[in-house]
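Take the sequences, apply the hints, and build the full model.
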Amino acid sequence: MCWKGSVIVKNIICGIPKHGYACLLAFFHMVELLNLRSSYSIMVNQIDGSFIYYFLAFRACIRGYIHMRKVIAVDGTHLYEKHISIVNGFSHVYSRAHHGLCMRHLAENLRVNQHYGEYLYLFYAAAKVYTVDDFSEHFSKLKNNSPVEAYVLKNMLGF
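So the sequence shown is numbered by our numbering: it starts at 1191 and just counts up by one.
In short, the hints are calculated from the structure, not lab data. Small disclaimer: the values here were computed from a predicted structure and weren't measured. One thing to keep in mind: the hints can contain errors.
Stated by the list, open to error - Each computed SDA-like pair below joins lysine to any residue, with the alpha-carbon atoms no more than 25 Å apart: (1) Lys1344 x Tyr1309; (2) Lys1318 x Tyr1341; (3) Lys1194 x Ser1228; (4) Lys1333 x Val1302; (5) Lys1331 x Leu1310; (6) Lys1194 x Glu1222; (7) Lys1318 x Glu1298; (8) Lys1331 x Ala1297; (9) Lys1333 x Asp1323; (10) Lys1333 x Gln1304; (11) Lys1200 x Ala1250; (12) Lys1318 x Met1293; (13) Lys1331 x Val1342; (14) Lys1331 x Tyr1320; (15) Lys1200 x Ser1229; (16) Lys1331 x Asn1303.
Unchecked claim - So the derived label-pair ranges between C-beta atoms look like this: (17) Arg1301 x Lys1200: 30 to 40 Å; (18) Gly1195 x Tyr1230: 35 to 45 Å; (19) Leu1226 x Ile1198: 38 to 48 Å; (20) Phe1217 x Trp1193: 28 to 38 Å; (21) Lys1200 x Met1233: 19 to 29 Å.
Note that the Cβ used here is the ideal one computed from N, Cα and C, for glycine as well.
Shown next, in the form of structure tokens:
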């Protein structure tokens, strides 16, 4: 009985969730006053009027979206035989899009399919640098130690 009493008191003080959703319109009104041209959507169940979701997008976020770099990630691009067709498909559909490879998946593919585990650290060293000169230096070391893998990376994958 004591527990039920505490629940009743909490509901009196804080309100119950069912009634709390009614405050969302007032909340958005305040957001709109402070963030002009923001957008919102409230979805309620048409049968019983219960809350489903509330979506809010601030105007600054909406305006910033057009400046974001759009990224398309496809799982499974680490497979050699599949990645070429994915690149070709993207380049046909998204002619101005840049295609990149996942370093971890590419390294795993080199280790398993090319048996390149011994010199894998050279691949990671080349993949993690930020300048063309540093990349060329590391890739030369990779090419000297493992010319077959360097050929695969350069000619088949455009690394």
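Each hint tested on the structure:
1. Simply put, Lys1344 and Tyr1309 have alpha-carbon atoms about 16 Å apart, close enough for the 25 Å limit, and the pair holds.
2. At roughly 19 Å between alpha-carbon atoms, Lys1318 and Tyr1341 fall within 25 Å of each other, so this suggested pair holds.
3. Under the criterion of a C-alpha separation no larger than 25 Å, the hint pairing Lys1194 with Ser1228 is inconsistent with the structure, at around 41 Å.
4. The suggested pairing of Lys1333 with Val1302 holds, with an alpha-carbon distance near 19 Å, which does not exceed 25 Å.
5. Restraint check: the Cα-Cα separation between Lys1331 and Leu1310 comes to about 12 Å, which is no more than 25 Å; the hinted pair holds.
6. Using a Cα cut-off of 25 Å, the hinted pair Lys1194 and Glu1222 is violated, with the two alpha carbons roughly 39 Å apart.
7. Proximity of Lys1318 to Glu1298 is assessed by CA-CA distance (about 16 Å); at most 25 Å being required, the pair is judged to hold.
8. A C-alpha spacing of about 16 Å is found between Lys1331 and Ala1297, which places the hinted pair at or below 25 Å, so the restraint holds.
9. Annotation: proposed proximity of Lys1333 to Asp1323 holds, straight-line Cα distance about 15 Å (limit 25 Å).
10. Note on Lys1333 and Gln1304: the hinted pairing holds, with a Cα-Cα distance of about 14 Å set against a maximum of 25 Å.
11. The suggested pairing of Lys1200 with Ala1250 is violated, with an alpha-carbon distance near 37 Å, which exceeds 25 Å.
12. Taking the CA atoms of Lys1318 and Met1293, the gap is about 9 Å. The hint holds against a cut of 25 Å.
13. In summary, the hint linking Lys1331 to Val1342 is supported, as the alpha carbons are separated by about 15 Å, within the 25 Å threshold.
14. Pair hint Lys1331 plus Tyr1320 holds up; C-alpha atoms about 17 Å apart against a cutoff of 25 Å.
15. Simply put, Lys1200 and Ser1229 have alpha-carbon atoms about 33 Å apart, too far for the 25 Å limit, and the pair is violated.
16. Note on Lys1331 and Asn1303: the hinted pairing holds, with a Cα-Cα distance of about 21 Å set against a maximum of 25 Å.
17. The hint said 30 to 40 Å for the Cβ distance between Arg1301 and Lys1200, and at roughly 57 Å that hint is violated.
18. Distance hint check: the CB atoms of Gly1195 and Tyr1230 are about 37 Å apart, consistent with the given range 35 to 45 Å.
19. Between Leu1226 and Ile1198 the CB atoms are about 42 Å apart, so this pair conforms to the stated range of 38 to 48 Å.
20. The hinted window of 28 to 38 Å between Phe1217 and Trp1193 holds, with their beta carbons roughly 31 Å apart.
21. Between Lys1200 and Met1233, the C-beta spacing of about 27 Å keeps the proposed range 19 to 29 Å intact.
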